[in-house]
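J.: For the protein sequence lines, the chains are A and B, in the order given. If you read the first sequence in numbering that gives the first Met the number 0, its first letter stands for residue 0, the second for the next number, and so on. If you read the second sequence in numbering that gives the first Met the number 0, its first letter stands for residue 0, the second for the next number, and so on.
None of these hints come from the bench; they were simulated from the model. Accuracy of the hints is not assured; some may be wrong.
[What the hints assert, rightly or not] If you want a taste of the chain B side facing chain A, the calculated C-beta under 8 angstroms gives, among others:
hint : residue
1    : Leu9
2    : Ser41
3    : Gly57
4    : Tyr69
5    : Phe182
6    : Gly186
7    : Cys193
8    : Trp194
9    : Ala208
10   : Val209
Model, not experiment: these values are computed from the prediction. Ideal Cβ positions, reconstructed from N, Cα and C, are used throughout, including at glycine.
One letter stands for each residue in the lines below.
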Amino acid sequence: MNYAFDFTPVIQGFPELLAGCAGTLGLAAGGMALAIVIGICGVMLRRSRIALLRWPVIALVELIRNTPFLVQIYFIFFALPFIGIRLNPTVTALIALGINGGAYAIEIIRGGVESIHKGQVDAGLALGLRRKQVFWLVVLIPALRAVYPSLTSQFILLTLTTSIASAISAYELTSVAGIIESNSFRSFEVYGTVTILYLGMSSLLMLAFQRISARYLAYPTR
Amino acid sequence: MGEPQFQFLLRGFGWTLALSAMAFALGIVAGLAVALARTSHSRLLARLAAGYIALFQGTPLLMQLFVVYYGLALAGLALEAWQAVAVGFTLYASAFLGEIWRGSIEAVPHGQTDAGHALGLHYLPLMKDVVLPQALRISLPATVGFLVQLLKGTSLAAIVGFTELTRAGSIIANQIFEPLLVFGIVGCFYFAICWPLSLYSARLEQRLAVSSR
């Protein structure tokens with residue numbers, strides 16, 4: 000191997016790469032927030048007694064979980080203008096990430112909700128709580144606590160998935176790397192460095208999720 | 000969309016299947032090595048395998064493909080695009096399958112290994128005849144689940160420039176200016192192969208849950 004490594008473009012572009020990291024984290028955080036909302040609403044619809052509300056949710060979950068994110072983001076990217084909505088690529092990516100993460104969140108939260116014993120609901124009702132309160136306090140919050148580990152590892156996956164948003168040139172780390180790479184042709188150096196940045200971000204997130212769990216969720220649930 | 004365009008998509012689909020099959024087959028071999036290293040008594044081997052798994056689980060697949068793609072070129076290997084992405088997906092698959100199988104190997108009751116030792120079995124026969132057959136059964140739902148993830152993951156080869164299903168879709172979409180129709184069809188192709196596998200994985204999981212009760 001007689002290749003001379005040259006990290007100058009990486010070092011010169013480092014401020015931009017860091018800004019790209021912030022873009023990635025922002026996209027990931029927004030995607031997670033959207034996914035949680037879609038997840039909770041989805042589970043409520045999914046458990047409805049009306050089949051017409053249940054079925055679209057089931058169909059969406061299966062559709063999203065069994066097609067690649069790249070195809071989904073392309074579809075949404077072209078579908079939004081078609082129905083008259085013009086958004087910048089980053090917002091489009093945020094929506095795609097939210098829908099994708101939301102589909103997984105629905106399945107995960109549903110698992111948690113189904114693990115709550117029916118006796119708990121009866122007990123809540125017997126105590127005079129309203130149905131809404133029972134769902135929120137007795138079912139949903141303990142369910143979220145139970146599925147916290149799977150939900151957070153899904154969120155870390157979502158953070159890594161943001162790199163695919165570069166395909167529609169949303170503002171995040173991979174797009175920034177692509178610009179630096181195409182100006183310098185130092186592909187290996189640029190993408191190698193960016194890979195390490197991603198590793199750092201996902202490790203940091205994992206640590207943060209563990210801290211949150213240790214700080215707020217560390218009391219016996221049963 | 001005319002006949003030739005559809006044919007083009009079909010050919011892309013063929014490449015998606017071929018790429019997935021190749022990465023899965025090679026990933027099984029390499030993943031087994033990773034799983035055995037990860038569960039080995041050698042501290043060094045276990046650490047190395049853990050690092051390898053953490054690296055692949057903590058970085059985006061797209062970056063792994065880029066690094067492998069350009070890294071192989073730097074190393075002086077003049078590979079074609081499909082060979083380079085196949086190497087990338089194989090490494091990715093080996094890390095994930097290695098982690099799945101580590102869990103399954105550790106889920107086999109310890110008494111089984113003890114019994115094997117008591118019978119005087121050495122490492123290889125112990126693994127081959129006692130531990131791995133049981134671990135395989137436990138790992139099957141997650142392994143099939145990973146195959147779905149791998150099939151979807153091969154779409155990223157499109158960004159690297161390899162014409163599998165998704166890139167075939169992009170090319171056709173640009174040609175006939177009907178992106179919604181084309182990506183809808185592309186999505187259907189993926190769904191047609193991934194959904195049955197997902198259902199199968201879920202069924203295997205249920206069966207395993209029933210039998211272990």
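J.: A separate judgement is required for each hint: does it hold in the structure or not?
T.: Status of each hint after checking the structure:
With 8 angstroms as the threshold, the beta carbon of leucine 9 of chain B stays out of range of chain A, its nearest partner Cβ sitting at about 16 angstroms, so the hint is violated. Taking 8 angstroms as the C-beta cut-off, the interface hint given for serine 41 of chain B is violated, the closest approach to chain A being about 25 angstroms. Using the Cβ-Cβ criterion of 8 angstroms, the hint placing glycine 57 of chain B at the interface with chain A is satisfied: the shortest such distance is roughly 4 angstroms. A cut of 8 angstroms between beta carbons decides the hint on tyrosine 69 of chain B: the least distance to chain A is about 4 angstroms, and the hint holds.
For the restraint placing phenylalanine 182 of chain B at the interface with chain A, the shortest Cβ-Cβ distance is roughly 5 angstroms, inside the 8 angstroms limit, so the hint holds. A hinted interface residue such as glycine 186 of chain B counts as satisfied when its beta carbon comes closer than 8 angstroms to some beta carbon of chain A; here the least separation is about 5 angstroms, so the hint holds. Given hint, cysteine 193 of chain B at the interface with chain A, holds; its Cβ is 4 angstroms from that chain's nearest Cβ, closer than 8 angstroms. Interface hint at tryptophan 194 of chain B: satisfied, since its Cβ lies 5 angstroms from the closest Cβ of chain A, which is below the 8 angstroms cut-off.
At about 13 angstroms, the closest approach between the beta carbon of alanine 208 of chain B and any beta carbon in chain A exceeds 8 angstroms, and the interface hint on this residue is violated. Hint status for valine 209 of chain B: violated, given a least beta-carbon distance of 17 angstroms to chain A, over 8 angstroms.
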